[in-house]
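Student: Listed here are the chains, written in short residue letters.
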Amino acid sequence: MTLTHINESYELRDERLRFMPEHFQRGVTAVSTASELDVPPWSSGFSAIRTPLWRFSSMHTVIISSKPVSVRISKGEILFFAENENLDIYATGETSGEAIHAFSEHLVHFYVHYTQLSWDRVTGEARRLKKLYEDLFQDVPA
Amino acid sequence: MKITRAEIKKNLPKKGFRMEKSGHHIYFYHEYQGRETGAYTYISHSSKQKDMSGDLLLSMRKQLRLESTREAADLMKCPMDGKGFNRILIEREAFIPASSSKERRK
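In the order they appear, the protein sequences are chains A and B. Per the numbering used here, the first sequence runs over residues 1 to 142. Per the numbering used here, the second sequence runs over residues 1 to 106.
Hints may be right or wrong, so weigh each one.
As the list claims (entries may be wrong) - Distance condition first, Cα-Cα at most 30 Å in a straight line; then the derived DSSO-like pairs of lysine-lysine: (1) A:Lys75 / B:Lys62; (2) A:Lys131 / B:Lys2; (3) A:Lys75 / B:Lys9; (4) B:Lys62 / B:Lys14; (5) B:Lys14 / A:Lys131; (6) A:Lys75 / B:Lys21; (7) B:Lys10 / B:Lys21; (8) B:Lys77 / A:Lys75; (9) A:Lys131 / B:Lys83; (10) A:Lys131 / B:Lys15; (11) B:Lys21 / A:Lys131; (12) A:Lys67 / B:Lys62.
Rather than coming from a laboratory, the hints here were simulated on the basis of the structure.
Construct the complete structure from the given sequences, taking the supplied hints into account.
Tutor: This is how it looks when you write it as C-alpha cells:
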C-alpha cells in the first residue's frame, strides 16, 4: 500500500464519519473492517444492548407484561446472553435470537412456577420474585 | 473449569436443591427449611450438553447468586456443602433464616 492509498483511506474514513449519527451504536456483534477505515471506539465499543419486551411465549403459554421488561443482550466467549437481573433470568443461546427465545421460555416457566407456589413455600428473594411475577404478568390466550 | 451434567444431577440435590423436570430443562431450586430461597439453576434435558464450562458456567453462577465461577464449581462439584451454601446466601442477604427474622421483628 502506497502513501497515496493510505491518505485516500483516511479521507474516506473522515467522509464516512461525517455521516455517522451522534448516538450511533453498532449493536450486538462487532463488524470488523480494515483497520484504517475502522470507526473510533466511541461508536464501536458497545458490547451489550438492551431491548424492551412485553410478550413472552413458550409452547403452550403466552404471557404479557404490564411494563416493558428490559432484556440485556451481550456476547460471551461463544454464546449470547439474554438477561434481566431484577427477574433473575440468565439465558444463553448460540445466536442473540436463540438467547431471547430461551429468555422468553424461562420467563414463562418462572411465571407459572411462582404463581402456583404458595406464599408459605417462599422466602427472601423467592418471595420478592413471586410478588413481581404476580403483579407484573398475566397469561393470555395463545 | 468443567462440570459434567452427571455431577450437577448427583450433587445439587444433596446440597438442598429440589430437582424438577420441565419442558426441555431440568431445574434445581434451592430450599431452606422447606422454602425456596430464589437461588436456582437449570441444565438442558438433552444429553448433547454433557459439560458446563465458560459461558454456561458464568450464567449458572449468576442463577446461583454466587460471586465467582470458582464458588459455583465448588458447589456443583464437592468442596462446598449445603450448609456452606446456605451461609453464603444468608451473608449476601438472599434470604433471612426464620429464627433471625422473628428476632428482628421483636
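Student: Does each hint hold? Answer for all of them.
Tutor: Right, here's what the structure says about each hint:
no.: 1; hint: A:Lys75 / B:Lys62; in the structure: holds, 16 Å
no.: 2; hint: A:Lys131 / B:Lys2; in the structure: violated, 35 Å
no.: 3; hint: A:Lys75 / B:Lys9; in the structure: holds, 28 Å
no.: 4; hint: B:Lys62 / B:Lys14; in the structure: holds, 20 Å
no.: 5; hint: B:Lys14 / A:Lys131; in the structure: holds, 29 Å
no.: 6; hint: A:Lys75 / B:Lys21; in the structure: holds, 28 Å
no.: 7; hint: B:Lys10 / B:Lys21; in the structure: holds, 15 Å
no.: 8; hint: B:Lys77 / A:Lys75; in the structure: holds, 27 Å
no.: 9; hint: A:Lys131 / B:Lys83; in the structure: holds, 27 Å
no.: 10; hint: A:Lys131 / B:Lys15; in the structure: holds, 26 Å
no.: 11; hint: B:Lys21 / A:Lys131; in the structure: holds, 23 Å
no.: 12; hint: A:Lys67 / B:Lys62; in the structure: holds, 24 Å
The earlier numbered hint that this structure contradicts is number 2, and it is the only one.
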